[in-house]
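Enquirer: Between the sequences and the hints, there should be enough to build the whole structure, so can you do that?
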Amino acid sequence: MAEEVKSPAPPPPPEGEKKPAAEKPAAAAAPVAPAKPAAPAGPVPVPWTSPLVEKYRSQYGSGLDAQTYLGQNYLTVDRSLIPDILRLLRDEEQFDYCVDITAVHYPKREKQFDVLWILYSFPRNERVRVKTQIADGASIPSSVPIWPTANWLEREVYDMFGIKFDGHPDLKRILLPDGWKGHPLRKDYGILQQDQEWVQINLGIESGQ
Amino acid sequence: MSPRTNDSANLDLETREKPYLDSNELIINMGPQHPATHGVLRVILKLDGEKVLGTECVIGYLHRGVEKIAENRTYTMFNPYVDRMDYVAAVSNGLGYCEAVEKLMNVEAPARAKYIRVILTELNRIASHQLWLGTHALDIGAMTPLFYTFRDREEILKIFEKYCGARLTTHAFRIGGCQYETYAGFEKDVKNFLSFVAPKIDEYETLLTTNRIWLERTKNVGVISAADAIALGVTGPVLRASGVKWDLRKAQPYAAYSEFDFEIPIGTNGDTYDRYLVRMAEIRQSLRIIEQAVNGIPEGPIMAKVPKVIKPPVGEIYHSIEAPKGELGYFIVSDGSTQPYRLRVRPPSFVNLQALDVMVRGLLVADVVAVIGTLDIVLGEVDR
Amino acid sequence: MPNFVMSYLGSTVTPGEAGNQFWALIYVLIIFTGVSVAVIAMNWIERKALAHFQVRLGPMRVGPHGLLQPFADALKLMLKEDIIPAAADQFVFWVAPLIGLLAAFTVYTVIPFGPSQAVSDMNIGILFMLGVSSLGVLGIVVAGWASNSHYPLIGALRSSAQMVSYEVAMGLAVVSAVLMTSMNEKGTGTLSMIGIVQAQQQQGVWFIFKFFPLGFIAFVIFSIAMIAETNRAPFDMAEAESELTAGYHTEYSGLRWSLFMLAEYAAMIAVSSIAVTLWLGGWMRPFANLLHAPAWDFIFSLFPGLTFGSLAAIAFVGVTRMPAHSFFKIQRIGLAVFAALLGFIALLLLAIAIVGRSADASLAARFNEGIDYVYWFVLKVAVFMYLFIWYRATWPRYRFDQLMRIGWKVLLPISLGVLVVTAIVGVIVS
Amino acid sequence: MNPGMNSAFNSGMAPVATPFFFYMLSGLAIVGGLLVITRRNAVHSALALIVTLLAVAGLYLMLYAPFVAGVQIIVYAGGIMVLFLFVIMLVNIERSSKERRFNRMWPVGLAAACALMALFVSAFVKGRALFPDRMMSLPESSNTQQIATMLYGEAGRMGQYTFAFEIASLLLLVAILGAVIMTKKKI
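Chains as they are written, first to last, in the numbering used here: chain A, 1 to 209; chain B, 1 to 384; chain C, 1 to 430; chain D, 1 to 187.
Don't read these hints as lab results, they were simulated from the structure. This one's a predicted model, so the numbers in the text were calculated from it and none came from an experiment. A virtual CB, placed ideally from N, CA and C, is assigned to each residue, including glycine. Please note: incorrect hints may appear among the correct ones.
What the hints assert, rightly or not - Interface residues of chain C toward chain B, partial, derived using beta-carbon atoms under 7 Å:
(1) F53
(2) Q54
(3) V55
(4) H150
(5) P234
(6) A393
(7) W395
(8) P396
(9) R397
(10) Y398
(11) R399
(12) Q402
What the hints assert, rightly or not - No farther apart than 20 Å at their CA atoms in a straight line, the calculated lysine to any residue pairs in the SDA-like style are these:
(13) B/K200 to C/R56
(14) B/K200 to C/A51
(15) B/K46 to C/H150
Expert: Here you go:
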């Protein structure tokens, strides 16, 4: 019971081979390389084939893409499928444990954010990541009704990226103070940047740093 | 008071006119400066007399933006930062991070390094559980176990200090293996520790396990069912105490864990007492693992072939390990540069803390303290 | 010397009974100083004993083996700023520690350290003690309220509920001991503290062994209730630091806080004294009923001197075991002087015991007797004080509802049962 | 029983400075009583009431009624007042201290006080003969034992008030049960 070996691990690629972006966008999204194209060689994501994927692909068609990278499976799905596919994964495929919800910011892309659900199934001892892309300012259905644990995780994503989750019971900042402006994990937020006004008012520090 | 303004958002604190003889619903602030919140956790309690009607955790006082820092540091430079998250189990944090990056780079640490990692990580697990036991017992009012556990934890910290020079934030591992070869006498020290600590564990247990007051304070307190625990994403000893036999060391073995023989202790009731028993049993299992590992350390290199400048290929990886507090995961997105494009830490304490509200509703104030203790949170990790 | 000084020295009643105001005042002063010193000593012993329970050393820096630590603490507390929170009720905040202190110290007027070694012997001694010591809770309640803060308020509510509840079981246990005093030919008991000890003397048995196990059960109930009464571990809900930061004295600091501590320790000594008086024969030496030959009297009267002698010996061993470093020179000298002082007291006590061994009415014999009484009483109380420390080191804290459950559902029925059975047995026996 | 008892009376356990203590205690009681009704803050009133109760206990003691004094302290000052404070603390004090009091009650209270005063004065004047102008002869046995004899009787004889006493305790038992039933939502 080592890795989640649903599909064989990708063979190590030949040395020096240039690869395109590893972030496989959803079928609906335009393929955007996140960053430096001059990356060193690495393993490639390969399509992931399993009964699970077949079933959902037949159901949802092009809205869903399944891949494996370094032995880890992920589904890239269209934003419109989001609450349904997560619910199905929990109910039908026994992915009963939502490990984590997080996001990645790609400022140069049209749909700036990747939102990820990392799921785990106790009965199958298997992990899967579900990814979707949304634009800045767009919202996404909350998964709190599916996994209660999503409550704080979504709040953290909201806090750090400003992604809104529809239907979240109490969507507010969790780690940063309530009145804080800005979402620090966005790429356009500098590492030294602070909400100077907040610091001045609430901490009484004149410099705001 | 705190500058925050959201004192009690979801506690329905409408400013209604209080009746003349109103004796209900007291709102008290537990923390951020409170002896039993294990750091700067603030719990807003809504009480009816002493009965807890609801809680709200206000966290973030220790937020340092670890994930943001990661995006601005190279993989190597970021390594010490992970020690500062769960500072009582820094070795586990380092192991998770190094293994995640290694996995992303598709390299594997040599066998000897893996054994050293297992030994140090398990020692750290014991240290973490000892610290937990001491503070938890102190919260429930037993002073003495604290000093016993700190006395014995000291021996572990001495081994860390001799190995890498640091006691708490060890930065013991490097991407690709270990920086340091074991010092002369490392095996002897570890074996001495094993024979030293085993009777001490019994000593803690004589103080607590059958103590009537301890039983009354912990049995049926903070009960969480297996289904609730899974739904809330609770991991680690808290999940196992609810009867779910799941440990990443067995489920998805990493480092050299597949080579050792150990058991996953589980509880049945999911109450505070079971969590106590599970952690005590885990200490014993850790001792078993260390014994096997230290007797079987293979010879060989301690570093894999890793380039001087670490530049993982474009891609993303999620790797998690069984930290003393639960599943500690690292999700790393690489853009092929020397810095992580995005690094996400899946902190066990953060997710476990979310279960507090479910566990304490309907209990008394004294139980809140016991449940915070039994969740074994470290605010450095909750807030990152 | 004035006549009223000399005339009292040979008296066999307390100054209160003798109507001797001068000696009553002297006794009050002696007891007040003695209790204060006992609290200071208790402070040091508790810290040291607790430290040794917990594989620590405890205070070691201030004076040899930290002997001067309580004085340093007292000085620090006196010099600290006395903070009164802005939102507190100034007057009540100010007066609360005094209420507690007053209640704790007033009790000592009726504690019999010997048949004549008490300020006064009240007809209703035990009732007075229970009543006045129950006033101590007022200080706590009022302190918690006056702080105008949530934690102190909860602490105050807890402690008032706790003390009121445990007083019931405590009172019933006391009544069963009072019942035992009436087991004489006249059939009348007494509430007087001295009378209770004298009843034990006449009946030739400590009440803890009377109607075994009835007396013993009552004693156990009392010794549980008295821990709750004084808010000590494992019943220290009112000041549970891990739950309520510091309970009712969260907002107190400096001298005012130290008054609370003084009151707490004084109350501990007071309730231990009640237990000793009611069940452990008060000032009587052990085996007074079996080994009553004059020779035995003499042997037992050597005990005070021997105790101080062994303390002096321990201190001297400490001197020899100090590191031979110049840094420890002053500490070594200090400890040696302390040991010498103890040794001197030991010699003095032994001398008195030897000179006063004849059972005549000489002053030395009176002195010898008095020292014996006070020694045995204090020794028994000291055992209780040690138990207080031991409990604190060993046990976790009870939860509030559990505490109430024990008080009302366990201790109260048992003490009622013991009372009824004692009455029945008493009637049958007499 | 108590050997000290008789000797105490004989050897002059006569209170010292009787008038001083009497006037001090009565003064305390009166001042405390006034404070009880004039303080706006209920906790201050309760504290003043405790002072009054203790002063009255002291007066009992001066009247050679130590048992009554002890009971006064243990029941009123120690027990009832703690419960009083307990309740007061839970009440919204800020609000209650702002309420105007004595509204329209002034004349009634004054009239009642005057009537009571008149009663006292007339009782004193009319019953002057009942009050001896020197100290009453002391009872032979102690006050505590006398009370016990009255309540419980002695040597197989019912006491003067045994029946009333038992009835009163029954009444209290019923009151306790009633309180439990009223407060406990489910039993």
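Enquirer: Need the list of violated hint numbers for this structure, in ascending order.
Expert: Structure breaks no hint.
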